[in-house]
Amino acid sequence: METTATFLPKSVQKQCQAHLVPCKIRYTGQTDELEEQFIMDKQVISPLHENRNVTYIRGRKVIGEQVVFDDRTTYIMSTREDDSGNLLIEPTYKVTEIFNYEREGNEERLTDEISKFIECRELDSLIHEG
Amino acid sequence: MTVEKVIRKGCLLVALPNSVDSPVEIFELPHPSNNESKKPIKLFVHDDKVYQLKIKKFSKGCDYNCSRDLVNDKYHYTSDSQTFKSTFLINEENRKDGHILEDGSILYAEKYDLTFNICGYYYRNNKVTSEDLAFITPCVPPALDMDTNFYTSSDYQEKLTNNHSENWEKIPPKLWESCLGKISHTVEEAGDKYYRIEPQMIVEWLLKKVIKINNNFPTSLKIPKSLPEDIASSLKCIMSCNLLVSLIPQLAYQDLIRHESSNLNIKQCFDSYDKYKNETLQTERERELLIKAAMSTAIPNGTKTVKKQPIQKAKVVKPKVAKGKGRIDGFFKTNKT
Numbered sequence: 001m002e003t004t005a006t007f008l009p010k011s012v013q014k015q016c017q018a019h020l021v022p023c024k025i026r027y028t029g030q031t032d033e034l035e036e037q038f039i040m041d042k043q044v045i046s047p048l049h050e051n052r053n054v055t056y057i058r059g060r061k062v063i064g065e066q067v068v069f070d071d072r073t074t075y076i077m078s079t080r081e082d083d084s085g086n087l088l089i090e091p092t093y094k095v096t097e098i099f100n101y102e103r104e105g106n107e108e109r110l111t112d113e114i115s116k117f118i119e120c121r122e123l124d125s126l127i128h129e130g
Numbered sequence: 001m002t003v004e005k006v007i008r009k010g011c012l013l014v015a016l017p018n019s020v021d022s023p024v025e026i027f028e029l030p031h032p033s034n035n036e037s038k039k040p041i042k043l044f045v046h047d048d049k050v051y052q053l054k055i056k057k058f059s060k061g062c063d064y065n066c067s068r069d070l071v072n073d074k075y076h077y078t079s080d081s082q083t084f085k086s087t088f089l090i091n092e093e094n095r096k097d098g099h100i101l102e103d104g105s106i107l108y109a110e111k112y113d114l115t116f117n118i119c120g121y122y123y124r125n126n127k128v129t130s131e132d133l134a135f136i137t138p139c140v141p142p143a144l145d146m147d148t149n150f151y152t153s154s155d156y157q158e159k160l161t162n163n164h165s166e167n168w169e170k171i172p173p174k175l176w177e178s179c180l181g182k183i184s185h186t187v188e189e190a191g192d193k194y195y196r197i198e199p200q201m202i203v204e205w206l207l208k209k210v211i212k213i214n215n216n217f218p219t220s221l222k223i224p225k226s227l228p229e230d231i232a233s234s235l236k237c238i239m240s241c242n243l244l245v246s247l248i249p250q251l252a253y254q255d256l257i258r259h260e261s262s263n264l265n266i267k268q269c270f271d272s273y274d275k276y277k278n279e280t281l282q283t284e285r286e287r288e289l290l291i292k293a294a295m296s297t298a299i300p301n302g303t304k305t306v307k308k309q310p311i312q313k314a315k316v317v318k319p320k321v322a323k324g325k326g327r328i329d330g331f332f333k334t335n336k337t
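Residue numbers (the UniProt record's numbering), protein chains in the order written: chain G, 1 to 130; chain Z, 1 to 337.
Please keep in mind that the hints were generated in silico from the structure rather than gathered at the bench. Since this is a predicted model, take the numbers as computed values, not measurements. Glycine is no exception: its CB is placed at the ideal position from the N, C-alpha and C atoms. Keep in mind that the hints are not guaranteed to be accurate.
[To be verified] The calculated lysine to any residue pairs, modelled on SDA-like cross-linking and capped at a C-alpha distance of 20 Å, are:
#1 Z:Lys49 x Z:Pro17
#2 Z:Lys222 x G:Asp112
#3 Z:Lys222 x G:Leu126
#4 G:Lys24 x Z:Gly61
#5 Z:Lys56 x G:Ser78
[Unchecked claim] Here chain G is said to cover these stretches of chain Z; the calculated rule only asks that three of the stretch's residues, wherever they fall, bring their Cβ under 8 Å from a Cβ of chain G:
#6 22-34
#7 82-89
#8 93-101
#9 242-249
All chains, full assembly: derive it from the sequences and hints.
Next comes the structure, spelled out in structure tokens:
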């Protein structure tokens, strides 16, 4: 029998920010490393980094820019299977903001990718709406 | 990474429409382009609208620019071809409650016009193996849907459920009817509405989309400024058509680019741009020939060698040195043994 996948939206109390960092961490799960790490640097020296997140990962400077999804609610969702093998996707956290990061020196790529993503979504709405 | 793989990851970052507050089932339909290399698309219906699930990955180039990015060394990937991206989840009110996700992608829902898939059904025998083939007219035209009967909306939906994908039954009747109506010739009889999908209606429906793209053309797609104004607008129209190529079957694209209408004459745009391109190529070739000819006049031809005029050297008369018989005069004489 074919199984299904279903989003099961529900209100969640827990909130978090999602930071898409430019490195691959081979781990998924809880951590207390972020308690004193990944603190935003408030002293912005370069005008290039104004209105952007500036922080460090293992001493390397990374720059972040917000990714905005209009008319969308963002969640961290976890998946589980029911007795019949159907996939249920449920929210565990509500994501208040998403930031995408690149290493210092790669700021152009950061802006370029986000602006192209916005343009791609606008094109999608032109093609699929109305 | 496909939508399926991301969903199966166990923990994912998802952007859903604000109004989704009740369970929504995700289902698949065959890819509307009938391109065999493309996987079925994942959809869900909410509030009488269809949404497609898509993946966004940052720090990754698009397939179109793959070779250019490789040359420029723009992107780097892990040994298992993943992007260098992971996710930190930080609760600012309690930083101890932090999480790391190995995956750095976003699963998001975007509004989707289901008519593309009905169009895909109509051209279901027109299958291609790669996107490049969409730009070529097939040598042997594939058999089209020969069914000329009119059906009610529900009968049509049942037909697709039985012959194309059983997931068509998951589409609410009202939504189905509005999508079917966009590409069908309709007749009303005794209060009932009957539909028949027609290629001409498909082209008209696609034309509206091309006009919309053409009027709101993506700014990142640059039209060369060196082009004459009319050719630039033709190229813009061509690119607007090509932005749809990944969503429609080969024959639908071929019909679209041959379409002539007062709103936007696509055929004329393709013809005038092709003509300009050929003329430019011809001029370029002629210029190259002229340059070659100009250069060859200066270079001697291999068969006719020009004889070199012998340079006559003026004879220098050396004054004779008198030979003496002093001790030193015999110094350079070779010894006879």
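Structure-based check of all given hints:
no.: 1; hint: Z:Lys49 x Z:Pro17; verdict: holds (11 Å)
no.: 2; hint: Z:Lys222 x G:Asp112; verdict: holds (15 Å)
no.: 3; hint: Z:Lys222 x G:Leu126; verdict: holds (19 Å)
no.: 4; hint: G:Lys24 x Z:Gly61; verdict: holds (17 Å)
no.: 5; hint: Z:Lys56 x G:Ser78; verdict: holds (18 Å)
no.: 6; hint: 22-34; verdict: holds (count 6)
no.: 7; hint: 82-89; verdict: holds (count 8)
no.: 8; hint: 93-101; verdict: holds (count 8)
no.: 9; hint: 242-249; verdict: holds (count 3)
Violated hints for the displayed structure: none, as all numbered hints are satisfied.
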